[in-house]
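Engineer: The residues making up each chain are set out below.
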Amino acid sequence: MSLESFVTADLGSITTRVTLIDQVGGEYRLVAHGLAPTTLSPPWEDVSLGLLQAIGRMETVAQRRLLAQGRLVTPEGGDGSGVDGFVATTSAMEPLRLVAAGMREPWSLRSALRAAHSTYTLVEGTFTVDELRLSSTEGMLDFLRLLREGGLDAILVAGGVEGGPTLPLVEMAKDLALLCASGGTRPRLIFAGNEEARVPVAEVLEGVVDLEMVNNLLPRLGEESLAGVQELLESLVGGKIAFIPGIESVERWSLAPIQPTARALGWAVRYLAREYELKVLGVDIGGGGLGLFSAGDDRYPCALTNEVGLGYGLDRLLAERGVEQILRWLPFDLEGVGDQILNKALRPGTLPQSREDLLLEQAVARELMAWGLERADERALAPVDLIVGTGGLLSHLPDPRQAALILLDGLQPRGICSLALDEFSLLPQLGALAMAEPLAAAQVLARDTLLNLGTVIAPLGVAKEGEVALRFKMVYSEGGTIEGEVSYGSLEVIPLPFGQRATLELRPTQSFDVGLGRKGRGATTEVEGGAVGVIIDARGRPLSLPEERAAQQDKVQKWMWEAGF
Amino acid sequence: MYYPSAFKVVPYGRVRLERLLPFPGEVLVEPGQRVEPMDVVGRAHIPSQIRILHVAQRLSVAEVALQEYLLKGPGERVEEGEVIAVAGRWPFRRLYRAPAEGKIVNEAQGRLLLEVSPSTYELRAYLKGVVTQVVSSRGLAIETSGAIMEGAWAMGGDAFGVLKMLGEAPEGRLVPEAIDMGYHGAIVVVESWATKEGLGKAKEVGVRGVILGSLPSSLVGFVSTLSFPVMIMEGFGQVPISRPLFSLFQQHAGREACMASGIPYGVRLLRPQVIIPFLRGEEAPRGEGPALKEGALVRLVREPYLGKVGCVAILPPQRRRVEWGVEVEGVEVDLEEGERVFVPLANLELLEGSSLEG
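Protein chains in written order, with the working numbering: chain A, 1 to 565; chain B, 1001 to 1358.
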């Protein structure tokens, strides 16, 4: 029997979002959505309460009875009440607490961290073989404390290319065996190093740890193989979902196991890349963390941080970047910026009440994205065809042009790409729905999920401020032409409403490349209308802001005006 | 029903305090046992660092045979430079000396694990009550009756002492001239915020803890160097403690209290608490949880109204547009100052514990 209607949900650490999907004219469509605070913290400590509240709000919007006696009505009744199925994702679980250990050189630990950051982990410490041997870091005491408390979910050991020496790995295993045997607990140890070392390492660690062997993270220099570790870590994260307070009743309703949000969002981004043959970068700016997801070529698939989001962990962002780095994105002076940012960290669910407060939150988001990209991978800066923004901040904006400028400033794409917004933070929910009813997920993703913001052209090159970087001519399919030039250091938004198409001719000057690999080379491309239009971003890469505060403010204000708000 | 953030203020009821060892150790009490605030209820030996000693390798002996060469083994204390293993015969004896003073805790794989200079940490109860739960080697929970107030943020661990309101102070701030030796050993309640110099003077005076309305965020680093806990009730900035809370503190001035800094617990928010134990007949029955309704007492938790308290006047059925252009769900609140303001639901906390009459 085919399932015709669904409620999908994403239980975030701060907000719970729900969506009603039903067949309309023979196709699955988004009918309504709702949200409510996640009821994870005291005094509630039961996430099903927030979920019911969000569904209750959606009932009102959709004018359809979905709840009865404190639970979701399934299957759909003849009177149109209820739905046939329910699926959910969540990021409200505790993250995996990991310690990573690697060889002397930095590559193995770097790969281990990249694998760890592909899902919800908290890396409590990292050690090289030398640091363990010489007991030379203060973190070792914390390591022993975690072992004794039983608070560690896994130790991830990486190192050694295939065919390389095995002795250093065995020696490291002996050090770890001594530490683990002194901890009084039996931790899980994931060995993802040189496969030839598996047998001697297993002999050393037998009886002391629960050992799991996975593919070498770095079989050859320059060749990463993260999938094995990522898969294992994801399954461990999946196990953490069962400990979310109140999740049992949500699980009972669900057609499929509740997915970690990042996994489902990663699926949605990969689906977009595969279906439309695009290189896609997804960015999720959530209150509990930042996620970067890419698909479409040989890219890092996913980088998450649970340590810093647009709420929890902002104290760390503030400490690492400093107030000045955040202030530089504001077109005005603001007193007490540090206080306001830390207050947001204390109460991540709160909303700005003034324009100044809103722009401060956006400034923090820009800096958060820049920080995330630096930590992720240099490959994240490679050109993409489509950037998709999702998460709480982006879905609460009064003007899509603000979303476009936040994504441009934070990610600084190069060449030509499209910008889209997941207005209702639906992508992860569709990733979960795909496990139960792929057709429904594909149809809603194609029709109702993404708001096309427009096309960005970001020429690469350097000139004097005010010198012409690019000339353009846009011929609208419905008639009419706009011609103009864009000077270096500025933004130009060319209107192109939804549903309209145009032919855009670009003629960069000799110092600029529009993504074709050669300066001065012109291009003609077909563009589609969107909420913002066509954006020519001739501000250069990386973006540079003046040192002096007043000049900084002038420039940021100029960019906002040029973007149209 | 709407499930808003709730801020726990219980003027009188059952209170529970969790006491945790900073490093796994030994819990010295049993469930059901009565404890006094200064009773030692747990003990842990916390090393200053740990060292892996590669003894077998250094002595060139087989790892499996190391025990034959050890003069000191697990459980034994060693002095810096003390010989702990010997191999070979005279005159070719090879010695292994302890690199630091400490305690050997384990031997395996030809190695020894040395805990360097362990110091003994004693966990005190900080609350007069009954032990209701013991988690082996980690900590315990104590329950009693009294008042409980949640704070917004704290740093510096837990404290126990007599609550003392800061007396004459300009605009209720903790400045050096406002505090003297009369506050030695007390938990000082400051109506507004503190200066760096004021906190420095509190340290000199020897206070056990400081409770503030707020704290400028620029002082967080300084607070981390203090030897006593600092708790803020409202948020960062320069905001006074909201009136109902301040009244409650005033009411209990002179009583013993416990400051618990809370435990960072992953994605869930466990807020710091002030617990004031006392006995007063019947406890107020606990309801099903706070509900947002007209007349409910709420605290506003975001600028520009941070720290203000008021009563819910109207629950508008429709969303409203806020200054920056987005429609949000919210309520109209009558502030104590007499003004009526619209506040997004996300920006208020119910004062849990319906009556604040004390």
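Check the hints yourself; a few may be wrong.
Said to hold, decoys possible - Away from chain B, derived, C-beta distances all over 10 Å, residues of chain A:
| # | residue |
| --- | --- |
| 1 | 37 |
| 2 | 181 |
| 3 | 199 |
| 4 | 208 |
| 5 | 221 |
| 6 | 331 |
| 7 | 336 |
| 8 | 338 |
| 9 | 349 |
| 10 | 462 |
Unchecked claim - Computed footprint of chain A on chain B, listed as stretches where at least three residues anywhere in the stretch have a Cβ under 8 Å from a Cβ of chain A:
| # | region |
| --- | --- |
| 11 | 1228–1237 |
| 12 | 1298–1306 |
| 13 | 1319–1325 |
No lab work stands behind these hints: they were computed from the structure.
The C-beta atom is built at its ideal place from N, Cα and C for all residues, glycine as well.
Engineer: Now, for every hint given, state plainly whether the structure supports it.
Structural biologist: Each hint tested on the structure:
1. For residue 37 of chain A, the condition that its CB be more than 10 Å from all CB atoms of chain B is violated, with the nearest at approximately 6 Å.
2. Look at residue 181 of chain A: its CB is around 5 Å from the nearest CB on chain B, not clear of 10 Å, so calling it non-interface is violated.
3. Look at residue 199 of chain A: its CB is around 16 Å from the nearest CB on chain B, clear of 10 Å, so calling it non-interface holds up.
4. Against the 10 Å criterion, residue 208 of chain A falls within the reach of chain B, whose nearest CB is about 8 Å from its own CB.
5. No beta-carbon of chain B comes within 10 Å of the beta-carbon of residue 221 of chain A; the shortest separation is about 29 Å.
6. For residue 331 of chain A, the condition that its CB be more than 10 Å from all CB atoms of chain B holds, with the nearest at approximately 14 Å.
7. A cut-off of 10 Å between C-beta atoms contradicts the statement that residue 336 of chain A is not in contact with chain B; the least separation is 6 Å.
8. Separation of residue 338 of chain A from chain B is inadequate, the least Cβ-Cβ distance of about 4 Å not exceeding the 10 Å criterion.
9. Residue-level check failed: residue 349 of chain A sits 5 Å from the nearest beta carbon of chain B, not beyond 10 Å.
10. Interface exclusion of residue 462 of chain A from chain B stands, the closest Cβ pair being 36 Å apart, more than 10 Å.
11. Counting residues of the region 1228–1237 of chain B whose C-beta sits closer than 8 Å to any C-beta of chain A gives 3, which meets the bar of three, so the coverage hint holds.
12. Remark: the region 1298–1306 of chain B is confirmed as covered by chain A, as 6 of its residues place a Cβ nearer than 8 Å to a Cβ of that chain, reaching the required three.
13. As drawn, the region 1319–1325 of chain B meets chain A at 4 residues by the rule of a beta-carbon pair under 8 Å; at three or more, the given contact holds.
Comparing the model with each numbered hint stated earlier shows that hints 1, 2, 4, 7, 8, 9 do not hold.
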